[in-house]
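*Asks:* So you can see what is in the structure, the chains are spelled out below.
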Amino acid sequence: MKTVTTGKIISISGATVRTDLTGLTLFERVSVGEQNLTGEVVRLEKDSTVLQIYEDPSGLGLDEPVKVLGVSLETTLGPGLLSVMFDGLQRNLDVLADKTGSFIHPIHLSSSLDLKKEWSFTPLVKNGDTASSGDKIGYIDEGPFQHPIIVPPGKSGRVENILQGSITLEEPLCLLDNGYKIFGYHSWPMRIPRPYKKKISPQEPVITGQRIIDFLFPLARGGTSIIPGGFGTGKTILEQTIAKHADVDIVIYAGCGERGNEMSELIEEFLELEDPRNNCPLMERTVLVVNTSNMPVAAREASIYTAVTLGEYYRDLGFHVLLLADSISRWAEALREISSSLEEMPGEEGYPTYLASRLSSFVERAGIVETMSGDIGSLSMILSVSPPGGDFTEPVTQSLLRTAGAFLMLDTTLANSRHFPAISWVQSYSLYQNILEDYFREKFSEDWQNLRNRCREIMHKEESLKEIMEIVGIEGLQEQDRLVMTVAEEIRNSFLAQNAYTDDAFCDPGKTLDIIRSITELYLKEQNKKREKQT
Amino acid sequence: MRLAEHKYRTTSRIAGQLLHVENVHAARIGEVVRVVGPDNIELEGEILEVAKGNVLIQLFGETRGFNLENAEIIFTDTIRQVPLGKDILGRRFNGSFQPIDGLPMFLASEWRPARGYPINPVCRLRPEEFIETGISAIDGLNTLVKGQKLPIFSCAGLPAKELVAQILQNAKLRESSKSFAVIFVALGLTFHEYSFYLEALQDIESEFVAIINMADDPVMERLMAPRFALTVAEYLAFDQDMDILVLVTDMTNYCDALREISNARKELPGRRGYPGYMYSDLASLYERAGRIKGSKGSITMIPVITMPEDDITHPIPDLTGYITEGQIVLSRELHQQGVFPPIDVLPSLSRLMQKGIGAQRTREDHRDLANQLYKHYAKGRELKKLEAIVGRDGMAEPDQLLLDFAAIFENQFIHQGTDARTIYKTLDKGLEILKAFNLVSDNFIEIQSEE
Numbered sequence: 001m002k003t004v005t006t007g008k009i010i011s012i013s014g015a016t017v018r019t020d021l022t023g024l025t026l027f028e029r030v031s032v033g034e035q036n037l038t039g040e041v042v043r044l045e046k047d048s049t050v051l052q053i054y055e056d057p058s059g060l061g062l063d064e065p066v067k068v069l070g071v072s073l074e075t076t077l078g079p080g081l082l083s084v085m086f087d088g089l090q091r092n093l094d095v096l097a098d099k100t101g102s103f104i105h106p107i108h109l110s111s112s113l114d115l116k117k118e119w120s121f122t123p124l125v126k127n128g129d130t131a132s133s134g135d136k137i138g139y140i141d142e143g144p145f146q147h148p149i150i151v152p153p154g155k156s157g158r159v160e161n162i163l164q165g166s167i168t169l170e171e172p173l174c175l176l177d178n179g180y181k182i183f184g185y186h187s188w189p190m191r192i193p194r195p196y197k198k199k200i201s202p203q204e205p206v207i208t209g210q211r212i213i214d215f216l217f218p219l220a221r222g223g224t225s226i227i228p229g230g231f232g233t234g235k236t237i238l239e240q241t242i243a244k245h246a247d248v249d250i251v252i253y254a255g256c257g258e259r260g261n262e263m264s265e266l267i268e269e270f271l272e273l274e275d276p277r278n279n280c281p282l283m284e285r286t287v288l289v290v291n292t293s294n295m296p297v298a299a300r301e302a303s304i305y306t307a308v309t310l311g312e313y314y315r316d317l318g319f320h321v322l323l324l325a326d327s328i329s330r331w332a333e334a335l336r337e338i339s340s341s342l343e344e345m346p347g348e349e350g351y352p353t354y355l356a357s358r359l360s361s362f363v364e365r366a367g368i369v370e371t372m373s374g375d376i377g378s379l380s381m382i383l384s385v386s387p388p389g390g391d392f393t394e395p396v397t398q399s400l401l402r403t404a405g406a407f408l409m410l411d412t413t414l415a416n417s418r419h420f421p422a423i424s425w426v427q428s429y430s431l432y433q434n435i436l437e438d439y440f441r442e443k444f445s446e447d448w449q450n451l452r453n454r455c456r457e458i459m460h461k462e463e464s465l466k467e468i469m470e471i472v473g474i475e476g477l478q479e480q481d482r483l484v485m486t487v488a489e490e491i492r493n494s495f496l497a498q499n500a501y502t503d504d505a506f507c508d509p510g511k512t513l514d515i516i517r518s519i520t521e522l523y524l525k526e527q528n529k530k531r532e533k534q535t
Numbered sequence: 001m002r003l004a005e006h007k008y009r010t011t012s013r014i015a016g017q018l019l020h021v022e023n024v025h026a027a028r029i030g031e032v033v034r035v036v037g038p039d040n041i042e043l044e045g046e047i048l049e050v051a052k053g054n055v056l057i058q059l060f061g062e063t064r065g066f067n068l069e070n071a072e073i074i075f076t077d078t079i080r081q082v083p084l085g086k087d088i089l090g091r092r093f094n095g096s097f098q099p100i101d102g103l104p105m106f107l108a109s110e111w112r113p114a115r116g117y118p119i120n121p122v123c124r125l126r127p128e129e130f131i132e133t134g135i136s137a138i139d140g141l142n143t144l145v146k147g148q149k150l151p152i153f154s155c156a157g158l159p160a161k162e163l164v165a166q167i168l169q170n171a172k173l174r175e176s177s178k179s180f181a182v183i184f185v186a187l188g189l190t191f192h193e194y195s196f197y198l199e200a201l202q203d204i205e206s207e208f209v210a211i212i213n214m215a216d217d218p219v220m221e222r223l224m225a226p227r228f229a230l231t232v233a234e235y236l237a238f239d240q241d242m243d244i245l246v247l248v249t250d251m252t253n254y255c256d257a258l259r260e261i262s263n264a265r266k267e268l269p270g271r272r273g274y275p276g277y278m279y280s281d282l283a284s285l286y287e288r289a290g291r292i293k294g295s296k297g298s299i300t301m302i303p304v305i306t307m308p309e310d311d312i313t314h315p316i317p318d319l320t321g322y323i324t325e326g327q328i329v330l331s332r333e334l335h336q337q338g339v340f341p342p343i344d345v346l347p348s349l350s351r352l353m354q355k356g357i358g359a360q361r362t363r364e365d366h367r368d369l370a371n372q373l374y375k376h377y378a379k380g381r382e383l384k385k386l387e388a389i390v391g392r393d394g395m396a397e398p399d400q401l402l403l404d405f406a407a408i409f410e411n412q413f414i415h416q417g418t419d420a421r422t423i424y425k426t427l428d429k430g431l432e433i434l435k436a437f438n439l440v441s442d443n444f445i446e447i448q449s450e451e
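Keeping their order, the protein sequence lines are chains A and B. Going by our numbering, the first sequence opens with residue 1, and the numbers climb by one from there. Going by our numbering, the second sequence opens with residue 1, and the numbers climb by one from there.
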């Protein structure tokens with residue numbers, strides 16, 4: 001680690017600060033001004049360095065000190081993350097509340113984890129064993145989980161002095177023969193993907209409990225779905241419903257630039273609701289990263305990296321993780337604000353030209369992998385997008401369309417008629433459908449595919465008949481077509497629509513199949529009857 | 001801390017309300033400066049940028065008559081603060097927070113930065129207490145709750161101010177709280193509108209604070225006025241345990257001011273020329289509404305927005321809708337039909353309604369009733385489009401019935417003139433209309449009003 005060096009502020013423009021310090025490296029973390037604001041190096045020049053501040057810069061003055069901390073923006077990973085609410089820079093919001101009260105003031109917190117808390121540690125290796133990068137040296141009991149302690153990526157050696165029983169995160173759990181100390185936690189630079197042995201192609205779905213998603217537009221473990229929708233189309237409710245019910249081990253929820261009141265509602269509900277699989281509060285399998293719209297913009301930009309690094313960490317421990325981010329558009333806007341304060345040349349709609357590459361490398365951090373220790377872990381993502389004016393031709397939606405595997409478009413017309421989830425069955429698609437075909441067939445029913453095709457056919461027919469009906473009225477339709485309209489309405493009301501506020505919020509695939517089967521069978525029966533009558 | 005005030009006469013450039021000063025010894029972002037111009041006119045300003053000795057200052061006020069030689073700039077070494085105290089109630093201020101009611105400035109017990117600090121999300125309390133506005137379309141179908149921010153999306157020429165005045169006069173909390181106050185923020189208001197609102201404010205029982213920026217007042221004040229108001233609101237709500245209703249009209253003027261200032265600063269324009277940070281900027285205002293743990297008070301916010309070209313996808317209503325918890329949309333069509341208030345309930349929405357209604361809050365059957373009214377009205381409105389093509393006679397009988405239902409719903413439920421309705425009257429009215437058309441669903445449990 002470098003020794004701390006100190007320089008001076010020579011210019012300030014909004015949250016962009018120039019210092020006379022040189023010899024720094026890109027993305028190094030700095031502490032700026034007398035208030036010790038967190039910042040990051042974003043540009044290096046011959047005789048000065050440009051910094052991005054992650055907090056409200058008002059009050060910052062010329063000649064105030066800039067301190068180099070010698071590390072890059074990092075995420076702290078270890079036991080004690082679950083059920084905690086962090087801000088975009090991984091500061092524990094409860095601890096912040098203790099320190100600065102109900103309103104957040106700029107303050108520096110020493111660690112994201114509670115280092116003094118006592119845990120019970122069970123070693124899995126003995127002194128003298130060799131442990132290498134990603135290997136589990138033991139585990140800590142954390143709520144319903146056994147939290148494996150792994151050798152941080154890139155380290156290896158022979159284990160010495162391993163502890164057992166009651167420990168805290170302050171003391172090393174063991175030493176490696178090269179002198180490296182392994183603690184119960186480690187840090188990882190948030191902008192760099194964590195290593196794994198190899199990526200595997202997805203074969204299983206993430207069951208979300210939403211009929212329209214699981215049946216028509218499924219998400220694969222390790223895949224990415226995007227949910228674009230204008231305001232009032234129910235993005236947040238949908239994301240939160242999935243966060244509650246999805247069939248995964250760990251949920252990382254990133255509230256990126258959204259409403260504070262919604263977050264407090266989410267927190268309350270997660271504390272009340274139980275995970276049906278182990279009867280623990282849902283909160284115990286959840287980490288929240290919350291950077292509401294009025295919190296500093298640069299921290300909002302960092303928040304999804306904090307979230308994805310947390311997700312990758314649990315993936316590396318061998319868990320199935322779901323990352324929900326609401327919303328990526330707010331992240332992109334933060335990127336735009338920062339880029340414009342750095343006076344970079346703007347691309348489409350003012351977004352920096354690297355928007356698409358940043359987005360695609362972010363989405364690529366999802367995946368199902370063989371971890372360094374040989375386990376299988378996955379990180380799936382569901383990202384909501386808030387296109388301005390509900391116009392999907394804007395850059396964020398378009399860039400995501402190129403990388404995401406499933407597109408769940410929220411339709412304003414459906415939302416206005418209070419059909420929720422307002423996912424359009426006409427325009428949405430999932431590229432995982434074919435890959436997951438075998439799984440659904442083996443696990444649930446041979447005719448999964450048939451039923452889905454029939455359901456789609458009916459909905460498709462309705463769409464084209466609708467136009468005719470608008471001209472001639474339902475009376476003017478042929479009897480067969482009128483039947484299609486009735487059945488389609490039934491599918492819409494009792495299959496595709498799902499009330500997030502009742503027990504229907506979660507529907508397992510078996511039940512999903514039963515409902516659609518009974519509707520389509522009824523349809524076939526009626527259709528045959530009508531045919532017979534005609535002949 | 002500097003020991004003395006610094007004075008400079010080294011202005012290097014004046015462009016509109018932006019001033020560049022050279023060779024400044026020390027300055028900080030957000031620092032307040034005073035600029036003394038010709039004839040001892042004194043303007044306030046704020047530091048935007050500092051680069052070595054060069055400082056960029058945003059002035060609040062007209063720079064007419066200033067030149068590079070006659071401007072004297074005084075650096076105060078303080079951040080813009082708002083004086084706060086209980087005596088603020090009942091007072092009127094301009095956009096620079098100077099009293100305009102002829103009385104001297106009140107004695108401040110405390111000063112706080114106008115910009116405010118973000119509420120820690122874990123300290124927020126979920127908004128769930130019903131506020132009765134006396135308006136059926138809001139109380140019945142788009143219920144407002146304490147701590148919510150619910151904007152009114154209006155169009156030019158629609159009676160938004162009459163609706164707002166009516167809400168002001170009738171707004172009641174379920175458990176009537178004695179410490180209820182209104183903070184009225186006028187941004188770029190015409191004199192005509194100003195006198196209308198002032199009259200309405202004089203009529204209400206609760207106390208109020210008014211911060212008024214008129215159409216011909218400095219544009220920069222439009223950006224500061226809501227921040228002053230919200231700082232006052234936070235003090236009254238969270239320090240004095242009062243329930244505060246903040247009414248801001250018209251946010252369209254605010255956003256236009258933001259665009260004007262951003263342009264003067266030579267920032268990159270975004271959609272329709274509005275700056276790219278408008279979302280974050282609006283959020284820094286709207287998100288100050290809410291309730292926090294450990295305080296009895298609350299801030300409820302009703303911003304009024306005039307949608308340019310009646311377009312709900314325009315950046316101002318669009319970004320607002322992404323931040324606020326719903327919206328009340330006014331309709332030109334209903335207004336032309338003579339319906340008052342002309343609220344179009346279909347695109348209107350209150351996201352926090354689910355928590356604020358039902359037994360103990362309003363009435364047990366509220367949710368069911370609202371859903372049914374909404375459903376049938378939506379159907380009726382859809383059929384109206386069909387009617388335009390095939391004619392009423394070409395439609396099936398149940399469809400004709402729904403058409404009638406939609407018409408009656410508009411004329412009797414939404415339309416209520418200037419009379420206030422209690423929540424019970426609203427619900428009874430809704431039930432009465434549903435019954436008249438035999439549209440009450442089978443599993444509906446009817447509740448007798450307590451009144």
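Hints listed in this document are in silico derivations from the structure and should not be mistaken for laboratory results. Note that the structure is a prediction, hence the values are computed from the model and not measured. Among the hints, erroneous ones may be present.
Stated by the list, open to error - Derived pair list, reagent style PhoX-like, types lysine-lysine, alpha-carbon separation capped at 20 Å:
#, chain 1, residue 1, chain 2, residue 2
1, A, Lys511, A, Lys533
2, A, Lys197, A, Lys136
3, B, Lys161, A, Lys466
4, A, Lys8, B, Lys52
5, B, Lys293, B, Lys385
6, A, Lys155, A, Lys126
7, B, Lys172, B, Lys355
8, A, Lys116, A, Lys155
9, A, Lys8, A, Lys67
10, A, Lys155, A, Lys99
11, B, Lys172, B, Lys379
12, A, Lys126, A, Lys99
13, A, Lys67, B, Lys52
14, B, Lys7, B, Lys52
15, B, Lys429, B, Lys86
16, A, Lys99, B, Lys385
17, B, Lys435, A, Lys466
18, B, Lys385, B, Lys375
19, B, Lys52, A, Lys46
20, B, Lys355, A, Lys244
21, B, Lys296, B, Lys375
22, A, Lys197, A, Lys244
23, A, Lys466, B, Lys355
*Asks:* Hint by hint, say whether it matches the structure.
*Replies:* For each hint, the structure was consulted:
| no. | hint | in the structure |
| --- | --- | --- |
| 1 | A:Lys511 - A:Lys533 | violated (33 Å) |
| 2 | A:Lys197 - A:Lys136 | holds (15 Å) |
| 3 | B:Lys161 - A:Lys466 | violated (41 Å) |
| 4 | A:Lys8 - B:Lys52 | holds (11 Å) |
| 5 | B:Lys293 - B:Lys385 | violated (49 Å) |
| 6 | A:Lys155 - A:Lys126 | holds (17 Å) |
| 7 | B:Lys172 - B:Lys355 | holds (18 Å) |
| 8 | A:Lys116 - A:Lys155 | violated (25 Å) |
| 9 | A:Lys8 - A:Lys67 | holds (9 Å) |
| 10 | A:Lys155 - A:Lys99 | violated (36 Å) |
| 11 | B:Lys172 - B:Lys379 | violated (33 Å) |
| 12 | A:Lys126 - A:Lys99 | violated (41 Å) |
| 13 | A:Lys67 - B:Lys52 | holds (19 Å) |
| 14 | B:Lys7 - B:Lys52 | holds (17 Å) |
| 15 | B:Lys429 - B:Lys86 | violated (42 Å) |
| 16 | A:Lys99 - B:Lys385 | violated (59 Å) |
| 17 | B:Lys435 - A:Lys466 | violated (30 Å) |
| 18 | B:Lys385 - B:Lys375 | holds (16 Å) |
| 19 | B:Lys52 - A:Lys46 | holds (17 Å) |
| 20 | B:Lys355 - A:Lys244 | holds (19 Å) |
| 21 | B:Lys296 - B:Lys375 | violated (37 Å) |
| 22 | A:Lys197 - A:Lys244 | violated (31 Å) |
| 23 | A:Lys466 - B:Lys355 | violated (36 Å) |
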